[in-house]
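*Asks:* The lines below spell out each chain.
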Amino acid sequence: MDLVFFAQDCINGVLMGLIYGLVALGLTLIFGVLKVINFAHGSFIMVGMYVSYWAVTLTGLHPYLALGIIVPAMFLFGYWIQNLLIRPIFIAERDVREPITVIVVTTGMWYVLDNLALLVFGPDYRALSPNPLKGQMLNFGEIFISVPKLYGAAAAVATAGLLFWFLQKTRMGRAIRATSLDRDAASLMGINQWKIFNIAMGIGTAVAGVAGAVLTPFYNVYPTVGIPFDVKSFVIVVLGGLGSIWGALVGGVIIGLVESIGPIFMTSTWTEAIVYGLFLLVLFVKPSGLFGQKHDW
Amino acid sequence: MPLLDVKDVNVAYGDVQVLYDLSISVEEGEVVSIIGGNGAGKSTLLRTISGLLSPASGTIDFNGVGTHDMAPDGVVNTGLIQVPEGRRLFSLMTVKDNLMAGAHNEAAYAAREETLREVYEMFPRLEERQSQLAMTLSGGEQQMVAIGRGLMAKPKLLMLDEPSLGLAPVLIKEIFQTIRSIADKGLTVLLVEQDVNHSLELSERGYVLEHGRIAMQGKAEKLLVDPYIKEAYLGI
Chain A
1 MDLVFFAQDC
11 INGVLMGLIY
21 GLVALGLTLI
31 FGVLKVINFA
41 HGSFIMVGMY
51 VSYWAVTLTG
61 LHPYLALGII
71 VPAMFLFGYW
81 IQNLLIRPIF
91 IAERDVREPI
101 TVIVVTTGMW
111 YVLDNLALLV
121 FGPDYRALSP
131 NPLKGQMLNF
141 GEIFISVPKL
151 YGAAAAVATA
161 GLLFWFLQKT
171 RMGRAIRATS
181 LDRDAASLMG
191 INQWKIFNIA
201 MGIGTAVAGV
211 AGAVLTPFYN
221 VYPTVGIPFD
231 VKSFVIVVLG
241 GLGSIWGALV
251 GGVIIGLVES
261 IGPIFMTSTW
271 TEAIVYGLFL
281 LVLFVKPSGL
291 FGQKHDW
Chain B
1 MPLLDVKDVN
11 VAYGDVQVLY
21 DLSISVEEGE
31 VVSIIGGNGA
41 GKSTLLRTIS
51 GLLSPASGTI
61 DFNGVGTHDM
71 APDGVVNTGL
81 IQVPEGRRLF
91 SLMTVKDNLM
101 AGAHNEAAYA
111 AREETLREVY
121 EMFPRLEERQ
131 SQLAMTLSGG
141 EQQMVAIGRG
151 LMAKPKLLML
161 DEPSLGLAPV
171 LIKEIFQTIR
181 SIADKGLTVL
191 LVEQDVNHSL
201 ELSERGYVLE
211 HGRIAMQGKA
221 EKLLVDPYIK
231 EAYLGI
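Order-wise, the sequence lines are chains A and B.
According to the numbering used here, the first sequence is numbered sequentially starting from 1.
According to the numbering used here, the second sequence is numbered sequentially starting from 1.
Worth flagging that the hints you see were computed from the coordinates, not collected in a lab.
If you're wondering where the values come from, they're calculated on a predicted model, not measured in any experiment.
Among the hints, erroneous ones may be present.
Pairs of lysine to aspartate or glutamate residues, derived as EDC-like cross-links and limited to a Cα-Cα distance of at most 20 Å, are as follows [unchecked claim]:
id	chain 1	residue 1	chain 2	residue 2
1	A	195	B	106
2	A	169	B	127
3	B	219	B	30
4	B	96	A	182
5	A	169	B	113
6	A	35	A	184
7	A	169	B	30
When you get a sec, could you build the whole thing from the sequences and use the hints?
*Replies:* In structure tokens, the structure reads:
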């Protein structure tokens, strides 16, 4: 086997894996705080990609500069989804920590959002334009590195780092962590649970917006684009540990590497089997995931 | 006018009524105990005062402000702070972060560094362990964090729900001494306890709660020698 090809695949796997981690990051944050599974996460990624697409198309900005528009827009989107659609369920089922109804509602949001996108934008595959990163490659000897993926991987690490810093070091971050650990005790400290839920959902959705901006320079936008990312996000989040920021990145890299190195040794359809096999194995052996806390759930 | 005035409060969980026309009051600077057995409604009363439960009827006034229809964060802003039963620390956060989380309301946040110094002076062991996760502490240390976290919120009235729960006898003594010394600094304290002896000893007044109603009330030293209390709660 050619070592150069192997190195090339490893690099690709790590880069794409970090981007997968970024895609899953919002899901893990929202679960960590609200303790509900957001089945509409893939649709949030889709919305993030459309918002990125239109932000770039209408303003002509570099997709990474357009983050200045994308992130606030997505934050408000998540904030109001939580405030208008999910909060009433928490209030109606106030004795339940993880209302099952939320899963049904987020599944409904998934269908509504995907079909709204189909209705409004049609089924076309849209490629970003202007796209300053289109097809750019760095080349080191015989190894080629895709520039949009390299930028995306860097954005993933930076976003995770920023989120980690925010949660550990700021007053709001501390209040978010306190609420995720014990809602009643946090309320007794004067922390408004509903405000924290809105903000956490807003941040998780804003991170999905970052993922959208990172993906659009090398990935077409279409109404059901979120579905494969949705499924992948769940596998990544379970691998890395629900609620863990770094777990999401590590889980993403594992999936990325399996997908890129696997085809050297077997037909590429088998990599899916390995991914889901790994998923089941983790659930059997360490259900809390690689970085998840055993504590609490 | 009393600092805390609870009047004719009725509280129910669904169809099950827990508190019946219950009235208590706490004057500024007082230490008041509420004693009673399991299921008497002691914790329900504190949860209602804190805004976690809302009364079906009745009023709660604190410092001249009606708090019975406030959400918990509104109640905290008035200076009415509860240290909950079973400590309820943020287990995966450090000791310091737990304390800082207590200083969430605006007034407390502005004074957080100064209050933190005071808390560390009161509990030097917490300063030694400030970067440890709360879940790794012993029961006594966890209770110190819980009280410290309550103090970080800059209370005008501190409510303590069974601070002695699950602690060794020597630690129970220490915790009650701490509570007495907090009260001696001028803080008003409302103490809910099953440990009747210790809690009445450090209180000025007491209420006996039975089946959701006030069964007896009076000066703490009178309650301590009352034949009924001796038999029912002290087993003498």
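*Asks:* Which hints, by number, does the structure contradict?
*Replies:* 7
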